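Chemist: Heads up: the sequence lines are chains A and B, in that order.
Under the working numbering, the first residue of the first sequence carries the number 1, and numbering increases by one thereafter.
Under the working numbering, the first residue of the second sequence carries the number 1, and numbering increases by one thereafter.
Do not take every clue at face value.
Residues on chain B that point at chain A, a partial pick, calculated with CB under 10 Å [to be verified]:
#1 Gln2
#2 Val14
#3 Thr28
#4 Val33
#5 Leu37
#6 Trp68
#7 Ile73
#8 Asn75
#9 Val147
Straight-line C-alpha distance at most 20 Å; calculated EDC-like pairs for lysine to aspartate or glutamate [what the hints assert, rightly or not]:
#10 Lys15/B - Asp290/A
#11 Lys252/A - Glu25/B
#12 Lys185/A - Glu150/A
Which bits of chain A does chain B cover? Going by a derived footprint, with three or more residues having C-beta under 8 Å, they are [claimed, not checked]:
#13 251-263
#14 268-275
#15 280-289
In case anyone wonders, no lab produced these hints; they're calculated from the structure.
All values reported here derive from a predicted model rather than from experimental measurement.
The C-beta atom is built at its ideal place from N, Cα and C for all residues, glycine as well.
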Amino acid sequence: MEFLPLMLQAALLLLGCALSHYLWGVNVTVASVIIGVTSLGVILYIVLVASGAASESCPYQTPGSQVLRYLSRRILPATPGSESETTTLDLRCILWMLQTSLDKTVHLSTLKHFTTLVNVDPTLVDWFDIFVGCTKVVGYEVVVAQGLEELAAVSALGLFNTISHLLGMDPTSRILEDLRQRYAKVFPNFVNFHGHQFHHVMCAVRSLFVPSLLRRSIRWRGYKPPAHELAVVSHNIVNFAQFEYQRTQRIKVPRWILCFALHFLSLDPTPPTSVVADCLSIIAIDLGCDVSNAGTTASEERYAYTWQMDVTLTPN
Amino acid sequence: MQVGQVSSLIIAKVKMMTEAEDLTELHTKHKVVVSFLSYAIWQERGGKPEMLNTCLAATRTSGKSLEWWYQRIGNPPHSVLREATPRAVVLVSPHIPWHLWPDKEGFVQLWVAAASVVQYTEEVARCVVGTMLVIASHDTLLQYLTVGLWSWLTKRPTLHPFCMGRDRISHRCVVKAVRGLGDIEILKSYLLIAWSEERVLWNSGLNEMCAVLREDFGGVGTGHHRADLVQLLDQILNRLKQGFEPPERFGLYRTPRSHEEIKDHYEKLKNILLEVNVEAVSRTSYLL
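I would like the entire structure built from these sequences, with the hints used as guidance.
Modeler: Structure, rendered in structure tokens:
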């Protein structure tokens, strides 16, 4: 069925050619007009196919442009520009959905997808506000409102992403300081996140916000997150390792980060390649190796992973 | 590819630290070095032993245990080793105080299965013998050791300075266990490994060794064995007379008293051997 429009277009082209040929013998002036119109049609068609093939966001998609795009992907290496274009488009869709959708499931899926995107500014969403909206501190215990467990976990991950992003951009930023103060206001130092899905992520957030406190309290042994969450967490932890190593004047990476690497490298079967790469990067950073070049491929691998996530999230 | 790049960086850096004159960096980064041990074990299982070799070489050089690693890998601590190759099990075992774990038997069974099939190399032999001596020093675990495993002693490996088997090699129960095998070649190899100027012998073990020399090496056909043992004792006593000092990096602390004690022990052993030799010679001439 996909070929039907193609056949119709081919038939139209043949009719134009045949008519031009026939009229050329009858009247050259009339034939010239027909040739001009047919040529214009051909040129327009080529432009449309080419633009459809060049950009997925072009509204004029034809079967030809899809075939061309497929072939160009097979033959030419991937360009960073196309990736960033897709990411920008994703981001626009995500923000539009978050602003317009009232459906909680759509909202949650969208936020979940947002956390998996790399090279995207996570501060576009106020993750801390969402997290606080889902939870309540009773004494030193964190209680999650009924039915919001998953949203709390996703927002904790988003908050983790945000801190990683801000530390990477500018550790002295006002936004980060503001976030730290908001965190300190809501969560007392010895607050207990135990028993929740976001326990490990929030303990890591606390270790970053209150470095002097309970670094040893993160026990990664019980941490069994879904694969996409693990990929995001491990990526951010490498950023933290890099940041902390620089902060301590190239002495060491905090032990809770090293324990993360040790735990996930000890799993059998081993976690996804990107996570293994991140864990080894943590070790390499602590040993004083320069892993800045090696990180590029890791993010490419991760991008490929999040692209797969796109496909699985489409039905939602 | 990317994992490979980071692995290569780590291997190169750890090798550099291990081969350096100053081991301060290796000591301070020991926790980091052992953090990738599990991954190195998986790599070795996949036919890439370089990472494991590098990690263990660094551990041997630093003389530190793998405590940071085994306390964090799960419960029981040898859960990772269950999935490892026999070579990895054998090479890692001397670095872990498995004899302090609740499931000692489970570990020993795992180790015996690995050591029974592992291919010989000098390093493997050192590790097998080192761990075997620790097992033999426990009465309850001795039953797991087969004659095939004891025959690793005949390879006569030099024990690692950090190896726990070095401290236990002269335990009375170890001497008795080797003697109980009834194999003079294994017994001689055991004594050749056990005797060293670096080591103070346990008194109970020394008495048992004296009995061994008198009763098992007094035979007519054991002259060449006695000669080998006397030769080693001479070398040890010579080195002790020259004021031998153990390498400081391995932390072998010795007081002047223990220095004299070691000399007394080995002189006593040599005297017994010479006595036994004289008796054996006189017995031979009597027979002739």
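Chemist: So, for every hint listed, does it hold in this structure?
Modeler: Verification of the hints:
1. Gln2: For Gln2/B, the interface hint holds, since the closest Cβ of chain A sits about 4 Å away, which is under 10 Å.
2. Val14: Since chain A brings a Cβ to about 7 Å from Val14/B, closer than 10 Å, the hint holds.
3. Thr28: Given a least distance of 8 Å, the restraint on Thr28/B holds.
4. Val33: 8 Å, holds
5. Leu37: With a closest approach of 8 Å, the Leu37/B hint holds.
6. Trp68: 8 Å, holds
7. Ile73: Given a least distance of 5 Å, the restraint on Ile73/B holds.
8. Asn75: With a minimum Cβ separation of about 8 Å from chain A (threshold 10 Å), the hint on Asn75/B holds.
9. Val147: 34 Å, violated
10. Lys15/B - Asp290/A: Satisfied, since the Cα-Cα distance of roughly 16 Å is no more than 20 Å.
11. Lys252/A - Glu25/B: Measuring from Cα to Cα gives roughly 12 Å; hence the hint holds.
12. Lys185/A - Glu150/A: 24 Å, violated
13. 251-263: holds (count 8)
14. 268-275: Three-residue rule met by the stretch 268-275 of chain A, so holds; n is 3.
15. 280-289: With 8 residues close enough to chain B, the hint holds.
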